[in-house]
Amino acid sequence: MDSLLSSEGDSQRTQYPYVTGTSVIGIKYKDGVLMAADMGGSYGSTIRYKSVERIKQIGKHSLLGASGEISDFQEILKYLDDLILNDKMWDDGNSLGPKEVHNYLTRVMYNRRNKFDPLWNSLIIGGVKNGHKYLGSVSMIGVHFEDDHVATGFGNHLARPILREEWREDLTFEEGVKLLEKCMRNLLYRDRSAVNKLQIAKITDEGMTISQPYSLKTFWNFAAFENPTVGAEGSW
Amino acid sequence: MFRNQYDTDVTTWSPAGRLFQVEYAMEAVKQGSAAIGLRSKTHVVLACVNKANSELSSHQKKIFKVDDHIGVAIAGLTADGRVLSRYMRSECINYGYTYESPLPVGRLVVQLADKAQVCTQRSWKRPYGVGLLVAGLDESGAHLYYNCPSGNYFEYQAFAIGSRSQAAKTYLERKFEKFTGSTRDDLIKDALFAIRETLQGEKLTSSVCTVAVVGVGEAFSILDQATVQGLINEFEISGEEAGGAAAEEAGGGGADQGGAAVEQEAAPMDI
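Protein chains in written order, with full-length UniProt numbering: chain A, 1 to 236; chain B, 1 to 271.
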């Protein structure tokens, strides 16, 4: 039995996360897809790094945003670099779009979890190919879906309710950025791992851009922030 | 016993720079019953001649569906053709599993050609004795490829392989320029006409041919016999009397009538 359980010898891979990034959110808008993520990297609960780029370009038509283990994300980027390079080497005019990248990542994530060695990430894939918008997500155990707006981690609890209320198909770029900033500000207020340094990425049929890092205006003098236990007597 | 001293195995060169075993494999393609293919911007049609081995047997299947967007027609050793279509099917399924999208036709054809090429460079192997017309649809449109036992592959507007295929080629060469803009039904019609050319006077009926189509909004499918017969009747192309014209045409074209021993000057690699 022992030998069955440790068939790989005594080696152990990173089966628990060390440095992690928090939520990513993505939305479709009029001309394509927008994505936002902050740049914090937490070592356990210590915010250890503050310039981690968690949104990357994949090939010509896709953006990938990641939360979770940063080194696992870097490993995934390496897989995708190989994938895109091989695709390019055919040099036949065909190219992998966001849908293909999303499905590929689903296979990778699910395969790794079946080896009991998951890549500890939640991923968001957005893109536009031939005028067709695509936005989807994959979890560390391979759960995958598409939607008009997606988020990982805390974003599912704090950002998506806002998106469900306010998201529209015909959002302009400016409106989309405003909406994402509203979500990110909420996350910043309530998610202890979030930092006030974020990037927003845009992808359309014309191409993609990932913004320079910037900060949101905040206001910490709300009564509830100053005295959080008012009206919550008997709790902590 | 041997045609010459350089043809005992695939990897031996002749002083003239030829690989006889590979050429013999390509000869097997010429002996097989004919298969043709033609394409427009949106559709590809494959058709083949069904020849039963004896009065008592049925004919062998020569057109295979590989995936919803790809199909092949073969000429030569049917057994080899089936092995290769199984390989193609499995490649399509694997690609679909990984990417949830159809494998680009050109890529499948390259993989297939590489597989055939390996057999021309290993002393313990033999080349596949089959030619494949690969019809498919992908992002970049409709495609028709010919894969040869030598590992060469070519993209065509229209092509014919197998015995008496020269007659069909002549027909296709005369008309291919208008195929680009053809409708699906026009392509099928031209496919039937081209097939008839290879029959050399034998009557064209739905029992001696198979037709298959793939195109925009239409998954690869083999037309059922009743449909084919309906089309033959509609176009009135069964006529034996047209056989004379066909023979004339083919005579002008020259080359490999009857698939009998053909004297070859140039290496047939550049087929």
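Keep in mind that a hint or two might mislead.
To be verified - Every beta carbon over 12 Å from chain A, so not counted as near; a handful from chain B, in silico:
| # | residue |
| --- | --- |
| 1 | LYS61 |
| 2 | TYR99 |
| 3 | GLU100 |
| 4 | SER101 |
| 5 | SER140 |
| 6 | ARG174 |
| 7 | PHE179 |
| 8 | GLY230 |
Stated by the list, open to error - Derived SDA-like pairs: lysine to any residue, alpha-carbon spacing no greater than 25 Å straight-line:
| # | chain 1 | residue 1 | chain 2 | residue 2 |
| --- | --- | --- | --- | --- |
| 9 | B | LYS115 | A | ASP147 |
| 10 | A | LYS60 | A | ASP205 |
| 11 | A | LYS88 | B | GLU139 |
| 12 | A | LYS78 | B | ARG89 |
| 13 | A | LYS60 | A | GLN15 |
| 14 | A | LYS88 | B | ASN4 |
| 15 | A | LYS133 | B | GLY96 |
| 16 | A | LYS78 | B | GLY151 |
| 17 | B | LYS41 | A | GLY131 |
| 18 | A | LYS115 | B | TYR95 |
| 19 | B | LYS41 | A | ASP91 |
| 20 | A | LYS88 | B | LEU77 |
| 21 | A | LYS129 | B | GLY217 |
| 22 | A | LYS30 | A | LYS178 |
| 23 | A | LYS129 | B | TYR95 |
| 24 | A | LYS88 | B | SER101 |
| 25 | A | LYS88 | B | ASN152 |
| 26 | A | LYS129 | B | VAL216 |
| 27 | A | LYS99 | A | ASN221 |
| 28 | A | LYS88 | A | TYR104 |
| 29 | B | LYS115 | A | LYS60 |
Derived from the structure by calculation, the hints contain no laboratory data. All C-beta atoms in this analysis are idealised placements derived from N, C-alpha and C, irrespective of residue type, glycine included.
These are the hints, each one checked on the structure:
The beta carbon of LYS61(B) is kept farther than 12 Å from every beta carbon of chain A, the shortest such distance being approximately 30 Å. Here TYR99(B) does not stay apart from chain A, with its beta-carbon only about 4 Å from theirs, under the 12 Å limit. A beta-carbon of chain A is positioned within 12 Å of the beta-carbon of GLU100(B); the least distance is around 4 Å. Listed as a non-interface residue, SER101(B) fails to keep its Cβ farther than 12 Å from every Cβ of chain A; the least gap is roughly 5 Å.
Consistency note on SER140(B): stated as away from chain A, yet its beta-carbon is not over 12 Å from all of that chain's, at 6 Å minimum. Non-interface call for ARG174(B) relative to chain A: holds, since the shortest CB-CB distance, roughly 31 Å, exceeds 12 Å. With a least CB separation of 22 Å from chain A, PHE179(B) remains clear of the 12 Å interface cut-off, as annotated. Interface exclusion of GLY230(B) from chain A stands, the closest Cβ pair being 37 Å apart, more than 12 Å.
The hinted pair formed by LYS115(B) and ASP147(A) fails the criterion: a straight-line CA distance of about 41 Å is larger than 25 Å. Between LYS60(A) and ASP205(A) the alpha-carbon distance is near 10 Å, which keeps this suggested pair within the 25 Å criterion. With a CA separation close to 15 Å, the supplied pair LYS88(A) and GLU139(B) stays within the 25 Å bound. Of the supplied pair hints, the one linking LYS78(A) and ARG89(B) is violated, its CA atoms being roughly 30 Å apart against a limit of 25 Å.
For the given pair, LYS60(A) sits about 32 Å from GLN15(A) by alpha-carbon distance, which is inconsistent with the 25 Å threshold. For the suggested pair LYS88(A) and ASN4(B), the alpha carbons sit about 45 Å apart, so the restraint of at most 25 Å is broken. Proximity of LYS133(A) to GLY96(B) is assessed by CA-CA distance (about 20 Å); at most 25 Å being required, the pair is judged to hold. For the given pair, LYS78(A) sits about 33 Å from GLY151(B) by alpha-carbon distance, which is inconsistent with the 25 Å threshold.
Of the supplied pair hints, the one linking LYS41(B) and GLY131(A) holds, its CA atoms being roughly 21 Å apart against a limit of 25 Å. Proximity of LYS115(A) to TYR95(B) is assessed by CA-CA distance (about 22 Å); at most 25 Å being required, the pair is judged to hold. Note on LYS41(B) and ASP91(A): the hinted pairing holds, with a Cα-Cα distance of about 22 Å set against a maximum of 25 Å. The hinted pair formed by LYS88(A) and LEU77(B) fails the criterion: a straight-line CA distance of about 35 Å is larger than 25 Å.
A distance of roughly 19 Å separates the Cα atoms of LYS129(A) and GLY217(B); the hinted pair therefore holds under the 25 Å criterion. Annotation: proposed proximity of LYS30(A) to LYS178(A) holds, straight-line Cα distance about 14 Å (limit 25 Å). With a CA separation close to 19 Å, the supplied pair LYS129(A) and TYR95(B) stays within the 25 Å bound. Restraint check: the Cα-Cα separation between LYS88(A) and SER101(B) comes to about 17 Å, which is no more than 25 Å; the hinted pair holds.
Distance restraint check for LYS88(A) and ASN152(B): the Cα-Cα separation of roughly 22 Å lies within the 25 Å cut-off, and the hinted pair is therefore satisfied. Taking the CA atoms of LYS129(A) and VAL216(B), the gap is about 19 Å. The hint holds against a cut of 25 Å. Restraint check for LYS99(A) and ASN221(A): not satisfied, since their Cα atoms lie roughly 44 Å apart, outside the 25 Å limit. The hinted pair formed by LYS88(A) and TYR104(A) meets the criterion: a straight-line CA distance of about 16 Å does not exceed 25 Å.
A threshold of 25 Å between alpha carbons decides the hint, and for LYS115(B) with LYS60(A) the separation of about 30 Å lies outside it, so the pair is violated.
Checked against the numbered hints listed earlier, the structure breaks hints 2, 3, 4, 5, 9, 12, 13, 14, 16, 20, 27 and 29; every other hint is satisfied.
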